[in-house]
Amino acid sequence: MTRTRQSVDVLIAEDSATQAEQLRLLLEEAGHRVRVAVHGRMALEAARAHKPDVLITDIVMPDMDGYELCKTVKADDTLADVPVILITALNSIVDIAHGLACGADNFIRKPYDPNALIERIDYLLSNRELRKESKTQSGLEIYLAGERHFITSGREQMLDLLVSTYDEAIKTNEALKQREQEVWHLNKDLEQRAAALEAANRELESFSYSVSHDLRTPLRVIDGYSSILQEEYANRLGDDGQRLLGTVRESAQRMSQLIEHLLEFSRCTRQSISRTRCDMTAMARHVFDELWRDPGSAPGGRGSTMPPEFLLDALPDAFADPALIRQVWVNLISNAIKYSCRREHPVIRISGSMSGGECVYSIEDNGAGFEMRLADKLFTVFQRLHRVDEFPGTGVGLAISQRIVKRHGGRIWARAEVDKGATFEFALPASDAKHEHTFAGPQR
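If you're matching positions, the sequence shown starts at 10 in the working numbering and goes up one per residue.
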């Protein structure tokens with residue numbers, strides 16, 4: 010059976026002008042007369058001046074809050090039968106206890122459904138007489154969350170309030186379920202995109218590896234034949250011919266070096282990681298000795314005959330792939346040698362420490378340095394901060410180092426100042442190994 014909606018006088022207690030206007034428009038569209046008070050005490054005065062059919066009140070207000078307003082209204086014999094709807098976030102069960110204790114008739118949760126609010130008003134008005142008859146005279150004392158609450162609401166009133174609470178809880182659960190479904194679909198979509206991106210990266214790396222590998226043979230042919238021309242036919246070429254042939258050989262050799270480094274970059278991604286305990290002190294020492302003894306093994310060479318002062322602190326052991334981590338040391342130490350070689354007294358210092366569950370390693374030099382605003386480019390493939398004629402190299406070594414460190418679950422960074430040197434640091438997780446190390450002084 011359809012019930013005809015009556016026009017009733019609704020008093021709103023709401024200190025937010027926006028919320029009050031929203032409620033007023035909603036209720037007026039439903040055919041109700043509306044008055045607005047900006048705080049609890051003003052609403053109480055308005056109710057006593059002209060008894061409303063329904064009171065809708067926010068809880069958090071200045072001067073007199075919604076609970077106190079409701080309690081005062083219910084204690085007033087002339088206003089006690091006015092249904093009171095509390096607008097609340099309904100964050101905890103204590104909100105329900107406070108609502109029962111002050112005699113509220115219904116809850117509506119923010120943000121509220123307009124249709125639900127109109128239906129609540131209709132329901133409360135139609136059951137007002139029934140709630141009057143069932144009012145409890147003696148009251149009920151309960152303790153909740155360490156607080157005492159004395160409830161004098163009638164059975165029907167308590168039932169209405171609890172049902173409205175349950176109704177709001179159902180709506181909250183439905184909203185949460187909908188959000189969970191949305192999150193699930195988003196995660197599924199993200200997983201699919203990540204898988205597609207990973208497949209594309211693997212395909213690109215495989216393509217780069219194949220192309221780089223295939224380019225080596227023709228480059229060897231170019232370099233080989235140009236070497237024969239240079240050695241056996243130099244007297245027939247003349248000065249210009251020899252110069253041009255030298256340029257061809259240099260370009261072929263540089264291209265070959267670039268391809269080798271590109272293959273290294275690809276291999277460090279494709280190669281599986283086999284972790285074991287690594288003596289980082291011994292590894293750093295061996296790498297430096299090898300690079301200085303055989304400058305051809307250093308990416309970009311060393312560019313000096315004067316060995317730098319090499320200071321090596323005792324380093325914490327790492328739990329890592331020895332071959333891959335050794336490559337990190339090769340790249341970082343060779344950079345330190347290369348960029349400090351023009352100093353009158355070059356110094357390279359390597360130190361390490363344990364910090365926040367990480368083994369942190371530092372390679373410091375007093376070389377050319379760089380501008381910190383360019384630091385983001387350091388670990389990008391083929392990015393260089395200096396000209397090739399200043400410092401040789403391909404711009405791949407730091408990108409390889411970053412990829413290796415990240416594959417170990419670590420991180421790498423740098424800081425520097427122009428003409429005052431640079432410090433490169435990398436950190437590896439220490440959780441996979443027991444590190445018992447007494448850090449000694451520098452070794453020379």
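If you are wondering where the hints come from, they were derived from the structure by calculation, not from laboratory data. Where hints are given, some of them may not hold.
Simulated restraints, written as ranges between beta carbons of each label pair [claimed, not checked]:
hint : residue 1 : residue 2 : range
1    : 295       : 233       : 31 to 39 Å
2    : 418       : 201       : 22 to 30 Å
3    : 316       : 197       : 32 to 40 Å
4    : 188       : 60        : 39 to 47 Å
5    : 204       : 265       : 31 to 39 Å
6    : 201       : 353       : 28 to 36 Å
7    : 188       : 265       : 29 to 37 Å
8    : 201       : 318       : 52 to 60 Å
9    : 120       : 204       : 55 to 63 Å
Straight-line alpha carbon distances no greater than 25 Å define the calculated SDA-like cross-link-like pairs of lysine to any residue that follow [stated by the list, open to error]:
hint : residue 1 : residue 2
10   : 80        : 135
11   : 386       : 354
12   : 119       : 206
13   : 80        : 40
14   : 60        : 39
15   : 415       : 332
16   : 80        : 38
17   : 80        : 69
18   : 197       : 187
19   : 415       : 200
20   : 197       : 224
21   : 415       : 428
22   : 119       : 77
23   : 386       : 373
24   : 429       : 369
25   : 119       : 197
26   : 60        : 125
27   : 415       : 283
28   : 60        : 197
29   : 415       : 187
30   : 429       : 354
31   : 119       : 104
32   : 415       : 331
33   : 186       : 224
34   : 386       : 283
35   : 119       : 71
36   : 429       : 365
37   : 80        : 18
38   : 429       : 366
Cβ coordinates follow ideal geometry from the N, Cα and C atoms, glycine included.
Checklist line | Agreement of residue 60 and residue 197 with the hint, judged by alpha carbon distance not exceeding 25 Å | finding: Measuring from Cα to Cα gives roughly 56 Å; hence the hint is violated.
Item checked: Supplied distance hint 31 to 39 Å, evaluated on CB atoms of residue 295 and residue 233 -> Because 33 Å falls inside the window, the suggested range holds.
Check: If you draw a straight line from the CA of residue 386 to the CA of residue 354, is it 25 Å or shorter?
Finding: 28 Å, violated
Next item on the list: Please work out if residue 80 and residue 69 have their alpha carbons no farther apart than 25 Å.
Entry: Holds, because 14 Å separates the two Cα atoms, which is no more than 25 Å.
Next item on the list: With respect to the beta-carbon atoms only, verify the hint that residue 201 and residue 318 lie 52 to 60 Å apart.
Entry: 55 Å, holds
Notebook entry, point to check: Is residue 415 within 25 Å of residue 331, Cα to Cα?
Noted result: Judged against 25 Å, a Cα distance of about 15 Å means the pair holds.
Check: residue 415 and residue 283: Cα distance at most 25 Å?
Finding: 15 Å, holds
Next item on the list: Below or equal to 25 Å on CA atoms is what counts here, so check residue 80 against residue 135.
Entry: Holds - the C-alpha atoms of residue 135 and residue 80 are around 22 Å apart, at most 25 Å.
Check: In this structure, is the beta-carbon distance linking residue 201 and residue 353 contained in 28 to 36 Å?
Finding: With Cβ atoms ~59 Å apart, the hint is violated.
Item checked: Pair hint residue 119 and residue 104, alpha-carbon separation not exceeding 25 Å -> Between residue 119 and residue 104 the Cα gap is close to 13 Å, so the pair holds against 25 Å.
Next item on the list: Look at the Cβ atoms of residue 204 and residue 265 and judge whether their distance stays inside 31 to 39 Å.
Entry: Between residue 204 and residue 265, where Cβ atoms are some 36 Å apart, the hint holds.
Next item on the list: Would you check the hint for residue 429 and residue 365, treating anything up to 25 Å between C-alpha atoms as holding?
Entry: Distance ~29 Å between residue 429 and residue 365 Cα, so the pair is violated.
In the structure shown, a violation is registered for the earlier hints numbered 3, 6, 7, 9, 11, 12, 13, 16, 20, 21, 25, 28, 29, 33, 34, 36 and 38, in ascending order.
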